[in-house]
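Protein chains: 4
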Amino acid sequence: MTHSHAASMLADFFVQVRERTRQLAAPLSDEDCCAQSMPDASPVKWHLAHTSWFFETFVLERFEARFTPFDPAYRVLFNSYYNGIGTRHPRHQRGLLTRPALSAILRYRQNIDQRIATLLGDSRCHNECLDLVILGLHHEQQHQELILTDIKHLLSLNPLKPGYRRHETEHMEGGEPIESEWVCFAGGMQRLGYAGAGFCFDNERPQHTVYLQPYELASRLVTNGEYLAFVQDGGYVNPAWWLADGWDWLQTHAITHPLYWSPVAEGWHEFTLAGMMTLLAAAPVAHLSYYEADAYARWKGERLPTEFEWEHAALISAGAPSEELPMNDPGCLHPAVATGTGLTQMTDTLWQWTQSSYAPYPGYRPDPGAVGEYNGKFMVNQYVLRGGSCSTPKHHVRPSYRNFFPATARWQFSGIRLARDKTPW
Amino acid sequence: MTHSHAASMLADFFVQVRERTRQLAAPLSDEDCCAQSMPDASPVKWHLAHTSWFFETFVLERFEARFTPFDPAYRVLFNSYYNGIGTRHPRHQRGLLTRPALSAILRYRQNIDQRIATLLGDSRCHNECLDLVILGLHHEQQHQELILTDIKHLLSLNPLKPGYRRHETEHMEGGEPIESEWVCFAGGMQRLGYAGAGFCFDNERPQHTVYLQPYELASRLVTNGEYLAFVQDGGYVNPAWWLADGWDWLQTHAITHPLYWSPVAEGWHEFTLAGMMTLLAAAPVAHLSYYEADAYARWKGERLPTEFEWEHAALISAGAPSEELPMNDPGCLHPAVATGTGLTQMTDTLWQWTQSSYAPYPGYRPDPGAVGEYNGKFMVNQYVLRGGSCSTPKHHVRPSYRNFFPATARWQFSGIRLARDKTPW
Amino acid sequence: MTHSHAASMLADFFVQVRERTRQLAAPLSDEDCCAQSMPDASPVKWHLAHTSWFFETFVLERFEARFTPFDPAYRVLFNSYYNGIGTRHPRHQRGLLTRPALSAILRYRQNIDQRIATLLGDSRCHNECLDLVILGLHHEQQHQELILTDIKHLLSLNPLKPGYRRHETEHMEGGEPIESEWVCFAGGMQRLGYAGAGFCFDNERPQHTVYLQPYELASRLVTNGEYLAFVQDGGYVNPAWWLADGWDWLQTHAITHPLYWSPVAEGWHEFTLAGMMTLLAAAPVAHLSYYEADAYARWKGERLPTEFEWEHAALISAGAPSEELPMNDPGCLHPAVATGTGLTQMTDTLWQWTQSSYAPYPGYRPDPGAVGEYNGKFMVNQYVLRGGSCSTPKHHVRPSYRNFFPATARWQFSGIRLARDKTPW
Amino acid sequence: MTHSHAASMLADFFVQVRERTRQLAAPLSDEDCCAQSMPDASPVKWHLAHTSWFFETFVLERFEARFTPFDPAYRVLFNSYYNGIGTRHPRHQRGLLTRPALSAILRYRQNIDQRIATLLGDSRCHNECLDLVILGLHHEQQHQELILTDIKHLLSLNPLKPGYRRHETEHMEGGEPIESEWVCFAGGMQRLGYAGAGFCFDNERPQHTVYLQPYELASRLVTNGEYLAFVQDGGYVNPAWWLADGWDWLQTHAITHPLYWSPVAEGWHEFTLAGMMTLLAAAPVAHLSYYEADAYARWKGERLPTEFEWEHAALISAGAPSEELPMNDPGCLHPAVATGTGLTQMTDTLWQWTQSSYAPYPGYRPDPGAVGEYNGKFMVNQYVLRGGSCSTPKHHVRPSYRNFFPATARWQFSGIRLARDKTPW
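Protein chains in written order, with my numbering: chain A, 332 to 756; chain B, 332 to 756; chain C, 332 to 756; chain D, 332 to 756.
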């Protein structure tokens, strides 16, 4: 593929990704886009701006011929964590940025879009520049999922329980899920980590050898109905099932059920992006912390997989691919009932907590410069989630993809796939 | 005055007050109106809604013929503190109410306005009803000042330092202030508290006798220039001047100057409702906590007045009234340089901290019902401020008017009038 | 009285007071004397040392001929709040001072005792020196009560519920209390504050005129039985009775009854200095916060007295003095059932919360130098308690005596005397 | 070995271990033994009691013929974390247990000692019982080290900076350390985890296969002098070297140097168990958090080892064993300057932070019953330290031994051994 062809394909991808972000914000008011529900979440407006800031700071500033910033103040306002870039607006005060207005941010996006398009059309745009644009787009796709998780959290705290998008409801049903079965893997010496020629994040490299004991994975995710049995068995009041830290966390926050569940007279409701719904027993249980996922697994006498087991299983036995949606169709933003055979629900339903703490691979080197702060700075006190969710952009994930959050995080689309050691016989 | 004449005058007053609240929000975007900068402050949208809620709950619900709520959810959402009314939305989460939208709240206001107008035009609207409308209007005027103090705080935290209203700047200058002089008062047995026939809040009653020792009050408020001398003398690093609690508060929050001051190379800037300005030495120092006001007074070898001294002085020697502005002209929203003779800057410049803790008057009885939670519930750990400020609606205050805030509050338009015991000779 | 006679009487008083402090610590182990149960309380060893530090720093350092400190480190270790003296050991870490050992502190006390005795025997010891010794002794008597309240709090947190002194139990009974009656006072212009020739703290001065409306005081304190009726009527779950701050405090700390009460199958137990006892309905309810005292009074339709009403009442109608005990007999360290006629239980049972916030009297001037930090620094966000308790040293209090604590303080011997406005007829 | 011979040898070991614990407390006063400096640390008295509680609860209660508890209250008071045993005294209030007295706890120890001795002499004492006694002794050895780290922390907060044991000072010197060299390891498939016939904790099992890339370890620990260069290079003010969480931790706690260092006019002092000493540049830097260890490694361009690298290296190339001390001679309680060749300072100097988060080995199963809460409950948000320290009992550690603490822990004897990937050539 010639350089100009690559640049041209990238230009198309750029337009698609950027347009989808804008569409995700479309159902929301200016007020919805400005509020921040907690320090871990960001306002939608901030996501819209920060993803543009990324291109301006890491691409345009370096490669544009006569770079001038769109607005010098944005350099500080929309920096997320990059110490190499300088000071930042305090994370917990992002919701106070009523100015610049949403309309100004949308103009900012347009401006960046035009300048990146021009840059990509310039024959002097070389590989380093293209690579940073590609990084920026994958970065933006990550923020697309965060837009959905963050707005879900915000709306859930509103006593009116407003939905993000009404037409979700038509998807939110389904019959019984498939039976959960154990799928066996022999383990042994395996090469893990990204080895392809396409894009991956730095934390997926280098490819390296890992030795795995034989193991088994459940063929689908744990359902609401199965998790409810844990709740009803006193799961949240019996310390036997919980890590010590998890038990303290339960007590401190008086937690008695998953994040978006709420008890009603006749059973349970669940807050969704379509508003408040009856809890569907057949659908996968979602929005769990690591502590809850781990406690459930202990109660069942099983365990969570390691991230290496998950990746190995995904490499050799990915189930039938889910129906291909056009990249910019968000599909149903709620986890669907399991269907199919073999390992199902691997990447299109819920992120799956692993028991692996987030750590560098042997030989890991972050990228040079401020971009290198992307991943490595967070390799402590976080746990890896593998897969992808109903809210993850299509084609965004890979078997080697590593998501990570602290053990207390619940507002992500996170669920449980059980694992166990394979009993030799 | 006939009943219908009173009702008709009240209807005019109602229209004026309600319209002014709407005008105060006019320079702000939907986003500005939704954000909450701290638990002590409320979003402008919340103020717009809560003041309407007050009329709906305390007037319409009781006196309207076929009352139906505008929206039943608003009863909880926009209740501020009235336990007698039921549950409330948590105060620190008011900024998360992106729904109902600002536009919905403006429709709510219109609806309430029409229904109150109808009620006031109804000959069956008796005195109890009129009294509650009057209370609601004075309540709304209090929130008009809070709209200004709360939006000032929000905008001050925005790194862009945006102004609320640009045309303030033309007022923000002036020559030297008048010389500060001591005005003497003989004290003795005095009747204090409201004794007129008009409106007052329950905490201004009953009128009662107080014995005052002879005392003196400064003829004007302390200026920025005078306060700066305290700062430059190490006022914020010497515990000698501070109450023990105040000193702890300074250390915990690393406070080194008044709230809206910021040091720049060539001196000091001050954040105002017109944005960031050069600190004007001649203007009164504003936005101080009780601790700062008290520390300054000790450093000068003087003290703060009691609320009784202040009221007595206001009753017998109010200075020349400030130029009368039409009620709905907000005037300059920044404290002006002192002019005139006698006691100046009593009610139109800054609230003045007194050394009196907020307590009931002898014989005080709160109003019956939930309205009685208006004042009495807060009579602990608060200090009384007397007077009024540049942001207080015209004609809103009286010599007997009692404002009150915790000793740490700085975001109000609060300043210092010095007092001292009169030396007998 | 000649100077030498005064000095000689003072020397006797000095020996008595110092000896009593030592006796109060006698039933306690080295470990008991070292622990600190919360930042508001201090270890007994710290009290033993700090009261000696007071004499060393304010008396010996100024008046001893060839002063050398007992141990220079003690100047920092045992300074409580005197910024004028220099740095201090952090208050909340007093319990970590396992060194110096209790035995070293007892030697310190002996050393100070000898040197003060020598100083008092010296004819050159003039009035200023004598006055500071007297101040030090009254200061030490205050700490004697704190030794008892602080050790009571510490022992209450021990699951073994150990008593401080077993022989209390013989006193802890009694029949029915006297009937509670209203005692009327006409009020009017009154002179309050200390006017005698003896010792008083600076906050009791100057004497000044106050105007009082007619009022009534209850003839005895509220009993456990009466307070239990409030608890059983849902007093702790109904916000109607509580100040807003008090209600928040209840929720935050999940408070449902007085500090040392604990529910048992057959009713209530109360922790006392003699260990855990059955709650005696006839005895006065003790260890209440201001919020609880105020809420009870509202529930009864009455109010707390002002400190001025209390002092005036104490001046003109003190009941029959309680049986005179030798100064160093601590008597029963638990509040006794009311007996007698007129105003009873004024100074020997429990401190009585007043509705008066702690503030300077008109014309108040703190003493010069670091001693002046004794009282004035604390005149914010505290409420005055009047009277005295079963744990207050005999002869320590006066009608003008002002004790003060924050509204949340419960570990002091604090109770309720009701007041009401006198209905004119 | 016959059963009775094993029991007899165990009885000797029991006496030695128990006696050493008592000796460690011997230099301390009753007060020293009672205080708790922070929630992470426990009073020495509590360690003395809890280690006895372990034998009483897990051995005597199950195996003693006519078991009666020494004191039923101790079951709650001295339970550390075992939910299976019932309720516990709150961890942060252990310092308030002035009762039972130290003398009572010493009697408790004696009582348990006698009963265990009797049990071990009984021919019916079978293997399960012996195994629990052995577990209890290794548990007690862990608490022996905690006694030293906890008392060091307590004494360090005392402004008098008292030493635990004066005679340390004679050991605290030394010439230059050996040069730091890289020791190479080829990696490959390795069997790790405990495979011997002796005692190990459950978290060291099962033995399992791990694949290691080639790597190198530094031959000795990082010294104070080397670490000081990091400090002086602005290591604590440059976010480039720190994990994001670590940087937040630095800011929140205003940390600018290792825990026990303090700057003085002429350089640095270090608090030791012998009191305050001049910082010895040649000695290993100690009492670092994981964040500090990791930041130093990044600054050097190296990394921390994984726990698997460390164990593998320890297995194949342990340096010359340190001079054999009798088990109950604590030796020098301060890390010594490096001497020797090959990998030195592996187990007798400082625990070494690894980059491995604490997680179960493949196939890990905790022991059944409450004893199973010993290790597995803590496998989240902790990092593994390998080796042993100058304060670890002799013969207590193994190559497979896994110590673990949160990334913020600094009061342990923790240091840095650098690692790096082996560059292929």
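Hints may contain errors.
Identical chains blur together in the list; that is why a pair holds if it fits in one copy or across any two.
[Said to hold, decoys possible] Heads up, simulated BS3-like pairs for lysine-lysine below, C-alpha to C-alpha not over 27 Å straight-line:
| # | residue 1 | residue 2 |
| --- | --- | --- |
| 1 | K631 | K753 |
| 2 | K725 | K631 |
| 3 | K708 | K753 |
| 4 | K725 | K753 |
| 5 | K708 | K492 |
| 6 | K708 | K631 |
| 7 | K492 | K631 |
Calculated directly from the structure, the hints in this document are not laboratory data.
For each hint, the structure was consulted:
For a Cα distance limit of 27 Å, the shortest separation of K631 from K753 inside one copy, 16 Å, qualifies, whereas the shortest one across copies, 42 Å, does not. In this homomeric assembly, K725 and K631 never come within 27 Å of each other (Cα to Cα): the closest approach is 32 Å inside a single copy and 41 Å across copies. Taking the shortest Cα distances, K708 and K753 sit within 27 Å of each other only across copies (23 Å), while inside one copy they are farther apart (35 Å). Proximity of K725 to K753 under the C-alpha cut-off of 27 Å is found in neither arrangement, the shortest distances being 33 Å within a copy and 39 Å between copies.
Taking identical chains as interchangeable, the C-alpha atoms of K708 and K492 are never at most 27 Å apart, the minima being 36 Å within one chain and 32 Å between chains. For the identical chains of this complex, K708 and K631 are inter-copy neighbours only, at 16 Å across copies versus 35 Å inside a copy, given an alpha-carbon limit of 27 Å. Taking the shortest alpha-carbon separations for K492 and K631, neither the intra-copy value of 33 Å nor the inter-copy value of 42 Å comes in at or below 27 Å.
Comparing the model with each earlier hint shows violations of hints 2, 4, 5, 7; every other hint is respected.
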